[in-house]
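**Q** The primary structure of each chain is shown beneath.
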Amino acid sequence: MRTISKKLNNEEVEAFGKEVEALREEMMAKVGKEDAYHIRFIYKTYRYTEILGRGLIHFSFEPISFVAGSLLLATSKILNNMELGHNVLHGQYDWMNDPRFNSRTFEWDIVSDAHQWKFYHNYMHHTFTNVLNKDHDYGYNFTRLTEGQKWKPTHLTQPFTNLFLAMNFQWGVGAHGYRVEYMEIPKKQRKKKTLKDYKAVFFKKIELQLVKDYLFFPLLAGLNFPKIILGNLIANLIRNLWTYAVIFCGHFTENAESFSVDDIVGETKAQWYLRQLKGSSNLDGSNFFYTMTGHLSHQIEHHMFPGMPAKRYREVAPRLKEICAKYGQHYNTGSFVKQFASVWKRIIAYSFPDSIAGKLMGTKKKYLEPKVVLSQPSFQISLPGEEKSASLT
Amino acid sequence: MKTFPFIYNEPREFLKSLQPKEWADFLLGEINPRFSTTAIKAKVVAVREETADTKTIVLKPNWLWKGFRSGQHVPVTVEIAGRRVTRFYSLSSHPKDKHLSITVKRQKGGLVSNFINQNIKKGDLLELGEASGEFVLPKMIPSKLLFLAGGSGITPIHSILKQLQSSKYDGKATLLYFVRSYEDVILRSSLEEIAKTTGWLNIRYIFSDVPKEGYDSGFLTKEILKKYTDDLKSYSVYVCGPAPMQTKALSLLEGNEVKSELFLLPGQTSLKVKKSGTVDVFLSLSHKTIQVKGERSLLEELEDQGIYPQSGCRMGICHTCVCKKAVGSVTDLSNGEVSELGEENIQICVSRAESNLELEL
Chain C
1 MRTISKKLNN EEVEAFGKEV EALREEMMAK VGKEDAYHIR FIYKTYRYTE ILGRGLIHFS
61 FEPISFVAGS LLLATSKILN NMELGHNVLH GQYDWMNDPR FNSRTFEWDI VSDAHQWKFY
121 HNYMHHTFTN VLNKDHDYGY NFTRLTEGQK WKPTHLTQPF TNLFLAMNFQ WGVGAHGYRV
181 EYMEIPKKQR KKKTLKDYKA VFFKKIELQL VKDYLFFPLL AGLNFPKIIL GNLIANLIRN
241 LWTYAVIFCG HFTENAESFS VDDIVGETKA QWYLRQLKGS SNLDGSNFFY TMTGHLSHQI
301 EHHMFPGMPA KRYREVAPRL KEICAKYGQH YNTGSFVKQF ASVWKRIIAY SFPDSIAGKL
361 MGTKKKYLEP KVVLSQPSFQ ISLPGEEKSA SLT
Chain B
394 MKTFPFIYNE PREFLKSLQP KEWADFLLGE INPRFSTTAI KAKVVAVREE TADTKTIVLK
454 PNWLWKGFRS GQHVPVTVEI AGRRVTRFYS LSSHPKDKHL SITVKRQKGG LVSNFINQNI
514 KKGDLLELGE ASGEFVLPKM IPSKLLFLAG GSGITPIHSI LKQLQSSKYD GKATLLYFVR
574 SYEDVILRSS LEEIAKTTGW LNIRYIFSDV PKEGYDSGFL TKEILKKYTD DLKSYSVYVC
634 GPAPMQTKAL SLLEGNEVKS ELFLLPGQTS LKVKKSGTVD VFLSLSHKTI QVKGERSLLE
694 ELEDQGIYPQ SGCRMGICHT CVCKKAVGSV TDLSNGEVSE LGEENIQICV SRAESNLELE
754 L
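Quick note, the sequences are listed as chains C and B, same order. Start counting the first sequence at 1; every next residue gets the next number (the numbering used here). Start counting the second sequence at 394; every next residue gets the next number (the numbering used here).
Some hints could be false.
[Stated by the list, open to error] Result set (DSS-like, lysine-lysine): computed pairs, CA atoms no more than 25 Å apart in a straight line: (1) Lys436(B) to Lys33(C); (2) Lys501(B) to Lys453(B); (3) Lys269(C) to Lys686(B); (4) Lys345(C) to Lys326(C); (5) Lys409(B) to Lys489(B); (6) Lys620(B) to Lys501(B); (7) Lys436(B) to Lys532(B); (8) Lys641(B) to Lys501(B); (9) Lys681(B) to Lys134(C); (10) Lys44(C) to Lys414(B); (11) Lys212(C) to Lys409(B); (12) Lys561(B) to Lys33(C); (13) Lys199(C) to Lys717(B); (14) Lys555(B) to Lys33(C); (15) Lys269(C) to Lys30(C); (16) Lys212(C) to Lys44(C); (17) Lys681(B) to Lys269(C); (18) Lys491(B) to Lys515(B); (19) Lys515(B) to Lys537(B); (20) Lys686(B) to Lys652(B); (21) Lys18(C) to Lys7(C); (22) Lys6(C) to Lys227(C); (23) Lys321(C) to Lys6(C); (24) Lys515(B) to Lys459(B); (25) Lys409(B) to Lys44(C); (26) Lys269(C) to Lys18(C); (27) Lys33(C) to Lys652(B); (28) Lys681(B) to Lys18(C); (29) Lys489(B) to Lys565(B); (30) Lys199(C) to Lys409(B); (31) Lys667(B) to Lys187(C); (32) Lys44(C) to Lys436(B); (33) Lys414(B) to Lys212(C); (34) Lys515(B) to Lys532(B).
None of these hints come from the bench; they were simulated from the model.
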């Protein structure tokens, strides 16, 4: 895997980790009233958009209000899943001691069961970020995104399977989840029955979601039921496409690095921080955009501080960027369009065998030393031009 | 787990996951913050200053309030810096009063008592739980009653006296109220009013810090008890006040029928222990292992490390913080008992780690 960050020696890594940890402590000391206010505001917005959305879908007579209703319902689901659900389930608001925002009691509007999700996301994905064969989120079992994954002819289809996944993202997340739990049991102890139990949890959540969106609410509308089903389908589809886009931008952009199991043997906290930085990528945008991504726009900050109330990432980001610049570490950020395009570049490139993928990605170049000026905190990394990459193979 | 279709096998659970209660609470709360289907929310209708460091908060609860008996206490939840914190306070009003009230004295370093005294104003909202407690009068009211109050321990006794007043009590009651100084007497006018209008109540203030002419001073002793009671053994006694006073009272009153109520501040429950080294606590739901010293309650030690399980009263009453312990042994701080090693539910606010633990958190 190529890296465009400066290689640090052990002391430098530890110094970097120390500064990051100091930043975390400083921010966590500020957590309080504002954060409580924010999450309650999100909760309120999520409830109101759901009422309005479902109301409009039910009582619409023309397409415009129907579309508006579906969009509002999609917004509600996005808020519920991302800014509310994802962050609450990380335990970011446990300190409030409010059962509505507690990671032990929260359940969300998505087919993935909250408990199962906490295992494979909070634990597996956040501990082993981008470590091949350990982070099950890396490529979700069928997308090849680095030379570290062996190429198989089926990978040729991955641009299409990814389109399919994008449209059905919540199903992908849920189905992937219960399997991860099973796969993490040592091979000899795995039993078919356990897998069945995990599956039952998932199936129960599926049933609940289906009954709610496609039976309960349509029945309320009587003969108008097809319209309600359609509205819910649209809302779920929009939510799926949006979460897919945001989440894939988090770790699979062009310069997000992956690691092997050997890389993390005996890893210190500082090294862990560094790996989170290298493996994640951010999105630039407005405050509204940040909220709608559940602050996964600040994937780097989120991966370094998963327990910090998410809105704080906006405050953390510029400071963290400075620290990264000081140590010559690439801080991967860009506009949504740019980052998403680079995700797709990667998906397409690695659908081919390494010889072609390498050409497309320009990874045949070894380590590229960026111009580092340690004394200057406002340091910007200049990316080497892409046009040279082909000639270097 | 039963199989498909789950909705057929577990219809209740299905209905619950549609969140009807959450929806009702949200919508009702939008109409009026006091309305709810799940929580007793009470509006502050008046705040009265009793002494320099004590206030009475008069509350109007919503329809979920089931009432109380004189002498009982209630969990009060306030939000401090975005965080919900619960403490127990005795109700100082009479059950038949139009509104209920709690009387809160500032405790040194007390988070909630100071917050209530400083910040709670008319119009604010507090959350209450159900009233509970055995510090109440029996059905057959004894003809001779002795009340021993210390500091803010007067609040439940005040409520009991009001009850006696309204039930036209015709026995004899003595109140010995131990307090720092004359200025620190809580609910004085109301107490004296009861004494004046009824005639069966004899009030004696005893000042521990600032003596006053014409009054006794000092702490609870056998002499003082003797001085104000004829035939001590014939009294039914109610004691409420700080721990040292209670211990003293219980030793002096052996043989009497004594009811006592003791409120411990969080952290006071623990028998202070010093340990060398740490034990590992594995939190099975979050896949974290942390080290704790095992000197204080698990809840406190977890919170020190930035892990906030749900909690309530912090004295083992409300069971909000119950969680499953899969492996290991803990000491129950409320009675000092050491638990078995196996699986059981524990209240982490009154449990101290003895060995390596696995908790379902």
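**Q** Kindly indicate which numbered hints from before are broken by the structure, ordering the numbers from low to high.
**A** 2, 4, 5, 6, 7, 12, 14, 19, 20, 22, 27, 31 and 34
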